[in-house]
Amino acid sequence: MTNSIAEIEDAACLFIIGSNTTEAHPLIAHRVFKAHDKGAKIIIVDPRRIQLSLIADIHVRPNFGTDVALINGMMHEIVAKGLHDREFIAQRTEGFAELESMLGRFSPERAEEICGVPAATIREIAHLYATSQPSSILYTLGMTEHSHGVDNVKSLANLAMLCGQIGKPSSGVNPLRGQNNVQGACDMGALPNVLPGYQVVTNLGVRAKFEAAWGASPLPAEVGLTIPQMIDGLIEGSVKSMYIVGEDTALTDPDTHHIVHALESAEFLVVQDIFLSETAKLADVVLPAACWAEKDGTFTCTERKVQRVRKAVEAPGEARPDWMILREVGARLGIPMNYDSPQEIFAEMASLSPIYGGISYQRIESEVLQWPCPTPDHGGTKYLHKGSFGRGLGLFSAIDFRPSEELPDEEYPFFLTTGRHYAHYNARTMTGRCPTLASEYSQAITQMHVNDAARLGVNNGDQIRISSRRGEVVSTARLGDIVPEGAIFMDFHFPEANSNVLLGTSLDPITKTPDYKVCAVRIEAA
Amino acid sequence: MDYSFVPTTCPYCGCGCQMFLEVLDGKLVGTEPVKTAGMNEGKLCIKGWKVHEFVHSAERLTRPLIKSDGVFREASWDEALGLVAERLTAIRDQHGPSALGFLSSARCTNEENYLVQKIARMAIGTNNVDHCARL
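Residue numbers (our numbering), protein chains in the order written: chain A, 180 to 705; chain B, 448 to 582.
Chain A on its own, in the form it takes in the complex (with noise of 0.2 Å):
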């Protein structure tokens, strides 16, 4: 987030953009609220009528895949009526004349065409963001997990610097992370691209500054392999092994077949899990790790701030932290481990990582510091981006559409999309086990529209199919009116009934991102 979440309720317009807040991020979404009661005007733009739509002043279902179009008409809108932030642009930004001259395309009319939206709502969405001060962006995997969710993240930069709505209290773009950790674990380098602390692995200071801290060899300079990317080395036969810790990727990732076909092509398979996962079944080896509550660390949140994490109770049996089980891997492949707490490993991240080079354990026994934070000294950032961005100038994209890879046809007739249900959390190896959460919500279940329903002769509670061009499953429907007509909703959480059967392996091509919110699929009685 380019801001902290307190920040939210003091906002004057929030536009929510494919993010079920009060699902997926529910003490965020009490924000939320509490910007509603302060007087805050709600924009949500998502295609499922959402908890949050209800107390929207303004509530947009585009057509599926199509935000693009959508924000470049609210662009549009903004330049033509001379909403847009002269000065801030003037600034602070580069590449504006471009994304006019796109924008010239893009008329609301034009943009209806293609989201659906009516013209007269894109004006009155792209008037109340424009001159609410100040405006903030909330938006999840809604926007990202596309084939194209590095051109609609592009979009609402270019929509928060056209009106400079960035860089201030309660003003920004603010992706919602959707793991306790995720933010931490892109910190810390476990990306194929950059060392800690997000320093490229390509640039040859930043390779010798850690050579020299590590009395390491000469580190890789290439770019690494992304997930997907390693599932096809996987198949192809150019990745031989894969070293697994806390991710049940069998059950996770999209195009469940093809996924655990590479995991079986492996070689040698390393699984480090607290339960015996989908994919800790098909390992060589299963190395058994204590769980959060049994050992001392940090996670980074996504508001960038640092907490600690602190052990309350043993690991059953020989389970052990994964830091410890890692530090004895890494002696055993002859790299120096000479750490005896986390604490120890913290510090020595920190002193290479100048966006943590002031936070320490001691520090946020007392104090809340949210990165960058760089000396002893600083005090952490509460919002990003004041005064100059990390490039120096905010960079517009002249940003076309682009539709989804796969829409519905004749033989899959649907959309299909997919998210979180609030009592459950991803493959629910957690959650799942939680009687209480257990019996809340129990079984996988497919919304469906009562006038889709009517058609297919199909009664709430029924058992359906669902087919696509990857595989098929059978789900219980649930009717009503939260999914537009024509579209189907699942969450992931069931193996039994697992949306990511169904998904494609479209990508991103800049993210290798796979497209999870939007694929064709055909719908039977079961």
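Any given hint could turn out to be false.
Calculated from the model, a selection of chain A residues having no Cβ within reach of chain B, i.e. all distances over 10 Å [said to hold, decoys possible]:
#, residue
1, L233
2, G536
3, L586
4, A699
One-sided excerpt, in silico: chain B residues whose CB lies under 10 Å from chain A [unchecked claim]:
#, residue
5, L468
6, G473
7, L491
8, W496
9, E500
10, L530
11, T536
12, R539
13, P544
14, G548
15, E558
16, E559
17, Q564
18, A567
19, V576
It is worth saying that the hints were derived from the structure and are not from the lab. These figures come from a predicted structure and were not determined experimentally. Even glycine gets a Cβ: it sits at the ideal position worked out from N, Cα and C.
Position chain B against the provided structure of chain A, taking the given hints into account.
Then chain B, alone, in the frame of chain A:
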């Protein structure tokens, strides 16, 4: 009787809610939101309130497992870690560092993610390290 409250951070979504784990004689018996600090302002969602329930599940892994002839058998740490180091080294030596891939975890701590990427880069010599952020 040993009874305590241990402050920690919720392990589910990215909100970063602060909570106390309620510990009675070495077992988790409850979860309470921290009311004095944290962005969650004394609240938790239903997942957070019930997070202690999975920790002592009978299905937890408790011993290293090695698969022989398609069937898992329990093994000592020494044997399991020895096999891991031997096979990773052999595959790297035979096929090169880029024949290995590491998936780190958004569920694990910062410190653990740091070690995974350090092992991939320094011990194996590959930047093939990723995690679920792009998924």
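Quick rundown of the hints versus the structure:
1. L233: holds (18 Å)
2. G536: G536 of chain A is indeed farther than 10 Å from all Cβ atoms of chain B, at 14 Å.
3. L586: Non-interface label on L586 of chain A holds, nearest chain B Cβ at 22 Å vs cutoff 10 Å.
4. A699: A699 of chain A is indeed farther than 10 Å from all Cβ atoms of chain B, at 21 Å.
5. L468: holds (4 Å)
6. G473: holds (6 Å)
7. L491: Cβ of L491 of chain B sits 7 Å from chain A, so the hint holds.
8. W496: Nearest chain A Cβ about 8 Å off; hint holds.
9. E500: Holds, about 4 Å.
10. L530: Check passed: Cβ of L530 of chain B comes within 6 Å of chain A, closer than 10 Å.
11. T536: Constraint on T536 of chain B satisfied, holds at 7 Å.
12. R539: holds (9 Å)
13. P544: holds (7 Å)
14. G548: holds (4 Å)
15. E558: Holds, about 4 Å.
16. E559: Holds - the Cβ of E559 of chain B comes within 10 Å of chain A, reaching about 4 Å at its closest.
17. Q564: The hint holds - Q564 of chain B has a Cβ within 10 Å of chain A, the shortest such distance being about 5 Å.
18. A567: holds (8 Å)
19. V576: Where the cut-off is 10 Å and the nearest Cβ of chain A is about 6 Å from V576 of chain B, the hint holds.
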